[in-house]
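Asker: Listed here are the chains, written in short residue letters.
Number of protein chains: 2
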Amino acid sequence: MSSQSRSGKRAAPRGRRDDFSALRDGEVAVALPDHSDAALYFIGRIRTPWQRREQCPKNARESDAVCAVELDPHWIEGLKGLETATHVLLFYWMDRSRRDLVLQVPRHYGEQRGTFALRSPARPNPIAVSVARLVRIDGNVLHVSGVDCLDNTPLLDIKPYFASTDSVPDAVVGWHARRRGRLDKTRSSR
Amino acid sequence: MSSQSRSGKRAAPRGRRDDFSALRDGEVAVALPDHSDAALYFIGRIRTPWQRREQCPKNARESDAVCAVELDPHWIEGLKGLETATHVLLFYWMDRSRRDLVLQVPRHYGEQRGTFALRSPARPNPIAVSVARLVRIDGNVLHVSGVDCLDNTPLLDIKPYFASTDSVPDAVVGWHARRRGRLDKTRSSR
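One line per chain: the protein sequences are E and B, in this order.
Residue numbers are given in our numbering: position 176 of the first sequence equals residue 1382, and the series is strictly consecutive.
Residue numbers are given in our numbering: position 10 of the second sequence equals residue 1216, and the series is strictly consecutive.
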């Protein structure tokens, strides 16, 4: 099954354009594999106030909007015991992203970096993960804060967040820290 | 494409058994959807010292073994800039797990809980995420510590770990904390 078979499109042999965005200067695409290796089920939808990408918060902690994770009732028994967790990992599918970029130039950074050094939705497998605060569970609906995705985003998984294995407070992403350092300097020299 | 089409098996309408494990008392399976919604590419393999599940560390921080994440060279440009990160999120596919369980009784806990309240590999979309310490990158190979998966596990994605959005040191999973509390009490009363 081609990744684009649902929309009726075929992947071009190289540098496929998709329905979302063209390449920017400095961006590089590679051919997508000619077959896929595994298949996903969408198990629900995430409802947020954001209908267009430019409305979304830049990162999930910028907003304290409470959003609704609507689990398909088929899977509802899977929630048993989750109400005791303060935070969850939400996995979702960024279905409007191109999958063939290896080098990207994000608009707000303006520098070329590898896809795996970025959290951009454009990646071979556009799976996002967000740490969300679990406010409450009503039946098949989780009310959470700390998500930044578009309304109606397909849900792939929910897991409890364990501080013991998931939290690394002193982790650093060097390119980002240096960039922030420069920004802070710019601000303080104003 | 059925999730099982590569092995030539068909999902039974209810409570499909897979090649890995039968149901334990208290476990509940539901029918899998009759179609999948999206497709994944395996982009590499994770090489670890563990060939069988019972050899794997119980959680990723139990072991400081340095493991090799072998990215398919096709995607190598995507690593540019990642060497500046101290930690990465590794996404991988637990391809030997059944996908239809909603209630599970993990052997080491002995209590029935929902799939989404557990980190068990058995889930509708068996995507795992591990926070790994990035030791170094040699070409297309990442040397990391902090993974607990079987040797040759298919790789889905690599992302930089941002403490600002990914780290929640005070998160609590109530059922697990209570269980630890009981264990600590048992130990101290010996």
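One should not assume that every hint holds.
Copies of the same chain look alike in the list, so a pair counts if it works inside one copy or between any two.
What the hints assert, rightly or not - Taking lysine to aspartate or glutamate pairs in the DMTMM-like style, the calculated list, with each CA pair at most 20 Å apart, reads: (1) 1264 / 1278; (2) 1286 / 1354; (3) 1286 / 1344; (4) 1286 / 1357; (5) 1264 / 1301; (6) 1264 / 1231; (7) 1264 / 1344; (8) 1286 / 1376; (9) 1264 / 1276; (10) 1286 / 1231; (11) 1264 / 1240; (12) 1286 / 1233; (13) 1264 / 1289; (14) 1286 / 1268; (15) 1264 / 1354; (16) 1286 / 1240.
Hints were generated in silico from the structure; no laboratory data involved.
Every value quoted in this text rests on a predicted model; they were computed, and no experiment measured them.
Asker: Take the hints in turn and mark each one as holding or not.
Answerer: How the hints compare with the structure:
1. Taking the closest pair of Cα atoms, residue 1264 and residue 1278 never come within 20 Å of each other, the shortest separation being 28 Å inside a single copy and 30 Å across copies.
2. Taking identical chains as interchangeable, the C-alpha atoms of residue 1286 and residue 1354 are never at most 20 Å apart, the minima being 26 Å within one chain and 26 Å between chains.
3. Taking identical chains as interchangeable, the C-alpha atoms of residue 1286 and residue 1344 lie at most 20 Å apart only when both belong to the same chain, with a minimum of 12 Å there against 44 Å between chains.
4. In this assembly of identical chains, residue 1286 and residue 1357 lie within 20 Å of each other by CA distance neither inside one copy nor across copies; the values are 26 Å within and 32 Å between.
5. In this assembly of identical chains, residue 1264 and residue 1301 lie within 20 Å of each other by CA distance solely inside one copy; the values are 18 Å within and 33 Å between copies.
6. Taking CA atoms no more than 20 Å apart as the test, residue 1264 paired with residue 1231 passes in neither setting, with 22 Å inside one copy and 46 Å between copies.
7. For the homomeric pair residue 1264 and residue 1344, neither the shortest alpha-carbon distance inside one copy (28 Å) nor that between copies (32 Å) is at most 20 Å.
8. For the homomeric pair residue 1286 and residue 1376, neither the shortest alpha-carbon distance inside one copy (33 Å) nor that between copies (22 Å) is at most 20 Å.
9. In the homo-oligomer, the alpha carbons of residue 1264 and residue 1276 never lie at most 20 Å apart, since the shortest distance is 23 Å inside one protomer and 31 Å across protomers.
10. For a Cα distance limit of 20 Å, the shortest separation of residue 1286 from residue 1231 across copies, 16 Å, qualifies, whereas the shortest one inside one copy, 49 Å, does not.
11. For the identical chains of this complex, residue 1264 and residue 1240 are neighbours neither inside a copy (33 Å) nor across copies (36 Å), given an alpha-carbon limit of 20 Å.
12. Within a single copy, residue 1286 and residue 1233 get their C-alpha atoms only as close as 45 Å, which misses the 20 Å cut-off; across copies the closest is 12 Å, which meets it.
13. In this assembly of identical chains, the alpha carbons of residue 1264 and residue 1289 never lie at most 20 Å apart, being 28 Å within a copy and 24 Å across copies at closest.
14. For a Cα distance limit of 20 Å, the shortest separation of residue 1286 from residue 1268 qualifies neither inside one copy, at 30 Å, nor across copies, at 27 Å.
15. In this homomeric assembly, residue 1264 and residue 1354 come within 20 Å of each other (Cα to Cα) only inside a single copy, at 7 Å, whereas the closest approach across copies is 32 Å.
16. When the C-alpha separation of residue 1286 and residue 1240 is checked against a cutoff of 20 Å, the pair qualifies neither within a copy, at 40 Å, nor between copies, at 25 Å.
When each numbered hint is compared with the structure, violations occur for hints 1, 2, 4, 6, 7, 8, 9, 11, 13, 14, 16.
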